[in-house]
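**Q** Please build the complex by placing chain B on the supplied structure of chain A, with the hints as guidance.
Here's the letter readout for the chains.
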Amino acid sequence: MAEFKMPSLGADMDAGTLYEWFIKPGATVKRGDVIASVETDKGVIDVECFEEGVVVELAAAAGTRVPVGQTIAILQVAGEPVVAGSGAVTETPPPVPAVEPIPQAELPVAQPQAAVPMGGRLKVSPAAKKLAAELGVDLAQVIGTGSDGSIHLDDIRLAAATATKVARPAETPPVAGAEPRVTPVARRVAEDLGVDLHEAQGTGPHGVVNRIDVEHLAAEKSEAAAPLPAPEPVAEPTPKAAPQPPDFQTAMRRAIALAMARSNREIPHYYLETRIDMTKVLRWLESENVKRSVAERILPVVLLIKATAKGLIEVPDLNGYWRDDHFEASESIHIGFAISLRQGGLVTPAIHDADDKSLDELMVAMRDLITRTRGGRLRSSELMDATITLTSLGDTGVEKVYGVIYPPQVALVGFGKIMDQPWAENGMLGIRPILTATLAGDHRASDGRRGAQFLSALEKFLQEPETL
Amino acid sequence: MTVAHALTKDQIKETIIGILQNIAPEADYDDLDPNAKLQETLDIDSFDFLNLLIGLDEAVGVSVPEADYGKLVSMNDLVNYIAARV
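Top line first, the protein sequences correspond to chains A and B. Numbering (my numbering) for the first sequence: 12 to 479. Numbering (my numbering) for the second sequence: 493 to 578.
Don't read these hints as lab results, they were simulated from the structure. Not one of these hints is a red herring.
Only pairs whose alpha carbons sit at most 25 Å apart, straight line, appear in this in silico DSS-like list of lysine-lysine:
#1 B/K563 to A/K302
#2 B/K501 to B/K563
#3 B/K563 to A/K428
#4 B/K529 to A/K411
#5 A/K140 to A/K41
#6 A/K428 to B/K529
If we take Cβ atoms under 10 Å as the criterion, some of the chain A residues that face chain B in the derived model are:
#7 V301
#8 R308
#9 L310
#10 V312
#11 R353
#12 T407
Backbone N, C-alpha and C fix where the C-beta goes; we use that ideal spot for every residue, glycine too.
Only chain A is shown next, with the shape it has when bound in the complex (with noise of 0.2 Å):
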């Protein structure tokens, strides 16, 4: 059995409201499905498994706060003996417990050490990770028995041992009767206009329910309820079930705090900057944007996060993570792309292996990134995964950033306004358009000369666009 945790979707985030399920006891889930929404400072978050196996049990209704690291579903793992009497091999699953809101007192106790966070990291010796190799485990299904959840040697002999198939159930439907999906700002927008949210249609992504949907059904409910002058909105009363729409400019500030927080006491801090020459990279790329019709223009902050990732398969001591005192590269880039929220606010969610990506497809993946931070939601692992934090301030016309590094990251890259200034080159003085580019770096994890090789390789590859 493998316990499925609330997962942690941020170093800065405690609890989660379990918003809707789309799994219930008998589905067969595979990594990377998304088995339910999380509602968090961050907006409404799809959760992706990261196991393959049967759900016995969901442990948390909709509609319940959760710790980080509480269970909230029970797993049969694939390759685990079935256990008798489970939900996994019963011909007709239990009725799904998440209509119904469970009572605080009938929910499991907190579990005061997580074992294994959803995307965390498994504690583990290093015997029984050797082992675990020589008998072919996957670690990431093994049930840690120790008192903090660590893997014994023991847990993954069991494991190997009991490495059989099991009998899969036909896929279930996703739960009836689930909440709506809506976003932070149209829950609070239809609060304050007392509309049913049950009533929209969502017309943003994936039928999400945005600020103009609610709009429209109140001003709908107001020309139906004419002539009267200024109509008592009447609001349905709330279902149980539904997840007390929180304060999210205030909750996602003080999410902010907590991280920023730790990150100036935690990690000591290394500014550099570089000023980069921006006149060939503009040139190649309007000359590749006339070409195009304007829906698939790309930004030239897409070229700034290619050459960030190229920079950092020069320099990978600036891409990953400070654990446990010490530094684990990754050999992934995911490149967190800070997205400023209208209300208020920042998220940063990762674009994944941005090196291997092209322009286009990078200009695609921002452009859904930045749709669905705004507007739709977020899966789990684009909040959890990223290795190096990427911000552009350009917009805004301020020159450079020095930016405080996201944790467990070690590095973060900022990018200022593209502005014409004075540039001497071959002896010559003339105006070219010159972009600010500094690096924030964890000075336990890389020094300034490495920092300074990552910035002198974002120049280069800025200066061949073509090669981009």
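**A** Just chain B now, kept in the frame of chain A:
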């Protein structure tokens, strides 16, 4: 597009506001100064601005080349630019 010739400046403005309402829904468009810097006043970034141009291309069939971005600072700039091309 069959709208082209019939469009008045007011209709163009209405179309632009319709697109902007999806981008910056909380702004007060009734009191928008037609000569103010649009990106600053509405707090829209280059991504939002590109979306505005994509929306205009779809709605009125005017495709603004990148070289002209600098001419489109205020609402009046936009309206006049589009009016001259529909």
